[in-house]
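**Q** The residues making up each chain are set out below.
Protein chains: 2
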Amino acid sequence: MVEDQQIANTKPLSCIVKLGGAAVTCKNELEKINDENLEMVSIHLRQAMVLGKVVGMDWSKRHGQLNSSINDVDDNGDGPMDCRNFIVVHGAGSFGHFQASKSGVHKGGLDQSLVKAGFVATRISVTSLNLEIVRALAREGIPSIGISPFSCGWSTSERHIASVDVSAVIKAIDAGFIPVLHGDAVLDQSQGCTILSGDVIIRHLAEVLRPEYVVFLTDVFGVYDRPPSQPNAILLREIAVDEDGSWRVVEPNLQDMNRQVEMTVAAHDTTGGMKTKISEAAAIAKLGVDVYIVKAATDHSLKALTGEIRGGIPDDWLGTAIRFLRK
Amino acid sequence: MVEDQQIANTKPLSCIVKLGGAAVTCKNELEKINDENLEMVSIHLRQAMVLGKVVGMDWSKRHGQLNSSINDVDDNGDGPMDCRNFIVVHGAGSFGHFQASKSGVHKGGLDQSLVKAGFVATRISVTSLNLEIVRALAREGIPSIGISPFSCGWSTSERHIASVDVSAVIKAIDAGFIPVLHGDAVLDQSQGCTILSGDVIIRHLAEVLRPEYVVFLTDVFGVYDRPPSQPNAILLREIAVDEDGSWRVVEPNLQDMNRQVEMTVAAHDTTGGMKTKISEAAAIAKLGVDVYIVKAATDHSLKALTGEIRGGIPDDWLGTAIRFLRK
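Protein chains in written order, with full-length UniProt numbering: chain A, 1 to 327; chain B, 1 to 327.
One or more hints might be untrue.
Stated by the list, open to error - Restricting the straight-line Cα-Cα distance to at most 25 angstroms, the calculated cross-link-like pairs of lysine-lysine (BS3-like) are:
#1 K53(A) / K107(B)
#2 K53(B) / K107(A)
#3 K53(B) / K61(A)
#4 K32(A) / K32(B)
#5 K107(B) / K171(A)
Think of the hints as simulated: they come from the structure by calculation, not from any bench. Every value quoted in this text rests on a predicted model; they were computed, and no experiment measured them.
Could you put together the complete structure from these sequences and hints?
**A** Below is the structure:
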């Protein structure tokens, strides 16, 4: 049974953002952050959410040096700093996947020492990434607060969400912070443990908190009809979701082009690739929440994050909009 | 109102250990871990709690290199690995204090941008330390799981614990893990935010979970009658706690020596120094739970952690035992 908390007193949630693992890490190098992308994503998020003055919030040593932003603090003194309500959820990318797949954490079996060790190793890896992302956001002046699904009591049964406590997330938002969650190793009531993906977390948060829109930041321009590495892949600009959760491509008109959508799942991705992403996105859109899948660190993603494309999608915008089809 | 969870199904808890900030960090250097002490403490904890085989559990890069322990994993394969039930709580030492005191997080006022920034900066610093301690324990084969009090919904009112959820801690223990909590910046219902110290966390956990004993690892041999830096300071070997929570020194007999206990509070410590420590320890002892305050990384601390001094304290043991006086 999923225990959903009272959300009566919560301020409206503007947006849930997924920082895709592929967008903020170097997927082919173990535990390597894509610093350039992460910095640009952090700037975009600050532009989209922080209202009023900006104060650097990472006052910890970095590369052995004290962060320079600490010296700005006194000058800024007291005064208002406000944010639109956002939640950030990030994937694992090159953090966690290696540890999880080597030990089979997603298949459960905590009585085996390899799985138990892998559970610990996976959490160390994904919480390391969480800390680095929280710090990158804080350096830009976003009041980010790391919250691990495991720590706030999220668990699964037969790999589906069983118990969820969103109260820590809601309290953080109400206090003016930006919660930063992540795909995590969690306990599973039937098989002992599993991996809870960032995409599943987002769907659940969207169901409970009903954001105005959801943005998935990834490493390609959106969803394509076939692997985007293929030269003839076509970007799907708009997908409509039906009341029964089924979805179809509205633009471009693929039938006119005699094409069908192929789906691939990356072999290394223990939580499922594009197929999971679209079905999770469709489930969110079915709630009446617009979903945008865009390339991180581009003008297109900035437009999605600020919400300016909600009124109408410009012709030069590159990305995939997944929306509920009102009949 | 403090909401205490059902603990009916929980296995008995052997020990709650406090890793004092002064014991595992270099107090006079910002965000510097005392690696030598932390490694020895981790070895002692492993000796005190891990039963059966030992598998390295930190499979993440360290100093840019992949940890060597990852290569041991396959050789160990499957098989039992069991632990006595421990909870680790650590202080902040040279992590967090600077950020908290610069911004006045303990005094509250989240509407001020300096306090809000300081709250974020403090959490970044203390969660960085938490991650490093979890990793040090995991490298030794302890299945450690970082759990932040903020994330699992701990909050205060007028700086006293108001809302506590120990279910994540209990679930982690029941699944065979060692929860690692820490002093944290938390929300406060009356003043917006404050600092929740590791000592207060331990007292609350002891009340709810009733461990067999509690060990405080610190940077001196125990509690002295005056600052231990003074040459004539005397180690208080045994303190007896009365039913009303008051305490007195049993051994040595200070009255015979014409001395009284002086208490000092270190100026940098936003959560109170030795005075807080003794009153928190006395409150725990009043529950019938023995408390040992010992110097980290010594044979004396190992004897406290294994529980072997519970039967009787050897003459050559250096430390302070704080126990309930049964009349």
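**Q** Against the structure shown, which of the earlier numbered hints fail to hold, in ascending order?
**A** Hint 3 alone not satisfied by this model.
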